[in-house]
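Kindly generate the complete structure, drawing on both the sequences and the hints.
Just so you know, the sequences run in chain order A and B.
Per the working numbering, numbering of the first sequence is gapless, rising by one per residue and ending at 116.
Per the working numbering, numbering of the second sequence is gapless, rising by one per residue and ending at 688.
Worth flagging that the hints you see were computed from the coordinates, not collected in a lab.
There may be inaccurate statements among the hints.
Claimed, not checked - Per label pair, the in silico range of CB-to-CB distance: (1) Gly-635(B) / Asp-40(A): 27 to 33 Å; (2) Glu-643(B) / Ser-20(A): 48 to 54 Å; (3) Ser-86(A) / Lys-630(B): 36 to 42 Å; (4) Gly-575(B) / Thr-17(A): 29 to 35 Å; (5) Lys-11(A) / Gly-635(B): 30 to 36 Å; (6) Asn-633(B) / Ser-71(A): 32 to 38 Å; (7) Gly-603(B) / Leu-97(A): 20 to 26 Å; (8) Lys-16(A) / Gly-603(B): 43 to 49 Å.
Claimed, not checked - Some chain A residues flagged as far from chain B (calculated, every beta-carbon gap over 10 Å): (9) Ala-4; (10) Thr-9; (11) Lys-16; (12) Thr-17; (13) Ser-20; (14) Met-29; (15) Ser-35; (16) Leu-47; (17) Tyr-66; (18) Asp-75; (19) Pro-77; (20) Arg-79; (21) Glu-104; (22) Gln-105; (23) Pro-109; (24) Thr-116.
Claimed, not checked - Simulated crosslink set (DSS-like; lysine-lysine; CA at most 30 Å straight-line): (25) Lys-634(B) / Lys-11(A); (26) Lys-634(B) / Lys-680(B); (27) Lys-680(B) / Lys-11(A); (28) Lys-680(B) / Lys-626(B); (29) Lys-680(B) / Lys-16(A); (30) Lys-626(B) / Lys-642(B); (31) Lys-630(B) / Lys-642(B); (32) Lys-626(B) / Lys-651(B); (33) Lys-651(B) / Lys-630(B).
Since the model is a prediction, treat every value here as computed from it, not as a measurement.
All C-beta atoms in this analysis are idealised placements derived from N, C-alpha and C, irrespective of residue type, glycine included.
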Amino acid sequence: NAGVTQTPKFQVLKTGQSMTLQCAQDMNHEYMSWYRQDPGMGLRLIHYSVGAGITDQGEVPNGYNVSRSTTEDFPLRLLSAAPSQTSVYFCASSLYSTESYEQYFGPGTRLTVT
Amino acid sequence: GNSVTQMEGPVTLSEEAFLTINCTYTATGYPSLFWYVQYPGEGLQLLLKATKADDKGSNKGFEATYRKETTSFHLEKGSVQVSDSAVYFCALSYSGGGADGLTFGKGTHLIIQP
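Structural data, given as structure tokens:
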């Protein structure tokens with residue numbers, strides 16, 4: 003199993019450009035999520051999905067869109083990049099269960115918006 | 575809302591020293607508690623977890639006990655190694671099903687000197 007994969011690893015955008023961060027998992031996990039990591043802020047939840055066709059907002063959703071057409075993929079879209087979106091983005095997945103669960107994280111995408 | 579507070583870093587110790595990283599939380603109900611570790615350039619990995627009061631999570635010589643009376647989940651290790659140098663995140667999940675994602679502390683950077 004590859005686990006959780008993210009592409010690209012690094013990206014530089016100009017203000018106003020759009021792009022999609024890719025995330026895929028091969029563990030048949032129902033639950034997937036996106037976090038951003040900023041210095042001194044820890045990780046903050048952007049969006050999450052509990053299954054194909056179902057998404058919801060996390061703590062910091064503004065400026066980001068998501069969709070979930072398959073169990074495996076959960077792309078994050080920036081429609082009009084802003085310097086405030088400079089961050090490291092992590093995708094995570096887990097089984098959806100009423101029991102305590104473990105989230106598996108991808109290696110991250112480092113995004114710089116100039 | 576839910577929140578997690580961890581001691582500020584960086585924390586610098588000598589090899590074989592005793593480690594404590596403090597973590598306290600604010601949440602209603604009975605969250606599950608986690609410690610995640612992030613090695614340089616990598617995503618987060620689950621280090622240990624506890625799902626109910628008085629549970630002790632342990633892994634790789636690290637341990638933490640879920641103390642509901644003090645709303646704490648302090649991380650300890652009796653003898654640290656250089657390879658333990660990393661950033662450690664305390665986190666909670668209020669929803670056992672994971673629908674709300676994880677709420678993270680800001681992270682503690684641990685540096686172990688030979």
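Outcome of the hint check:
{"no.": "1", "hint": "Gly-635(B) / Asp-40(A): 27 to 33 Å", "verdict": "30 Å, holds"}
{"no.": "2", "hint": "Glu-643(B) / Ser-20(A): 48 to 54 Å", "verdict": "50 Å, holds"}
{"no.": "3", "hint": "Ser-86(A) / Lys-630(B): 36 to 42 Å", "verdict": "40 Å, holds"}
{"no.": "4", "hint": "Gly-575(B) / Thr-17(A): 29 to 35 Å", "verdict": "31 Å, holds"}
{"no.": "5", "hint": "Lys-11(A) / Gly-635(B): 30 to 36 Å", "verdict": "31 Å, holds"}
{"no.": "6", "hint": "Asn-633(B) / Ser-71(A): 32 to 38 Å", "verdict": "36 Å, holds"}
{"no.": "7", "hint": "Gly-603(B) / Leu-97(A): 20 to 26 Å", "verdict": "21 Å, holds"}
{"no.": "8", "hint": "Lys-16(A) / Gly-603(B): 43 to 49 Å", "verdict": "45 Å, holds"}
{"no.": "9", "hint": "Ala-4", "verdict": "13 Å, holds"}
{"no.": "10", "hint": "Thr-9", "verdict": "14 Å, holds"}
{"no.": "11", "hint": "Lys-16", "verdict": "26 Å, holds"}
{"no.": "12", "hint": "Thr-17", "verdict": "27 Å, holds"}
{"no.": "13", "hint": "Ser-20", "verdict": "25 Å, holds"}
{"no.": "14", "hint": "Met-29", "verdict": "14 Å, holds"}
{"no.": "15", "hint": "Ser-35", "verdict": "5 Å, violated"}
{"no.": "16", "hint": "Leu-47", "verdict": "4 Å, violated"}
{"no.": "17", "hint": "Tyr-66", "verdict": "14 Å, holds"}
{"no.": "18", "hint": "Asp-75", "verdict": "18 Å, holds"}
{"no.": "19", "hint": "Pro-77", "verdict": "17 Å, holds"}
{"no.": "20", "hint": "Arg-79", "verdict": "19 Å, holds"}
{"no.": "21", "hint": "Glu-104", "verdict": "5 Å, violated"}
{"no.": "22", "hint": "Gln-105", "verdict": "6 Å, violated"}
{"no.": "23", "hint": "Pro-109", "verdict": "5 Å, violated"}
{"no.": "24", "hint": "Thr-116", "verdict": "22 Å, holds"}
{"no.": "25", "hint": "Lys-634(B) / Lys-11(A)", "verdict": "29 Å, holds"}
{"no.": "26", "hint": "Lys-634(B) / Lys-680(B)", "verdict": "22 Å, holds"}
{"no.": "27", "hint": "Lys-680(B) / Lys-11(A)", "verdict": "23 Å, holds"}
{"no.": "28", "hint": "Lys-680(B) / Lys-626(B)", "verdict": "23 Å, holds"}
{"no.": "29", "hint": "Lys-680(B) / Lys-16(A)", "verdict": "28 Å, holds"}
{"no.": "30", "hint": "Lys-626(B) / Lys-642(B)", "verdict": "8 Å, holds"}
{"no.": "31", "hint": "Lys-630(B) / Lys-642(B)", "verdict": "12 Å, holds"}
{"no.": "32", "hint": "Lys-626(B) / Lys-651(B)", "verdict": "21 Å, holds"}
{"no.": "33", "hint": "Lys-651(B) / Lys-630(B)", "verdict": "13 Å, holds"}
Taken one by one, the earlier hints fail for this structure at numbers 15, 16, 21, 22 and 23, listed in ascending order.
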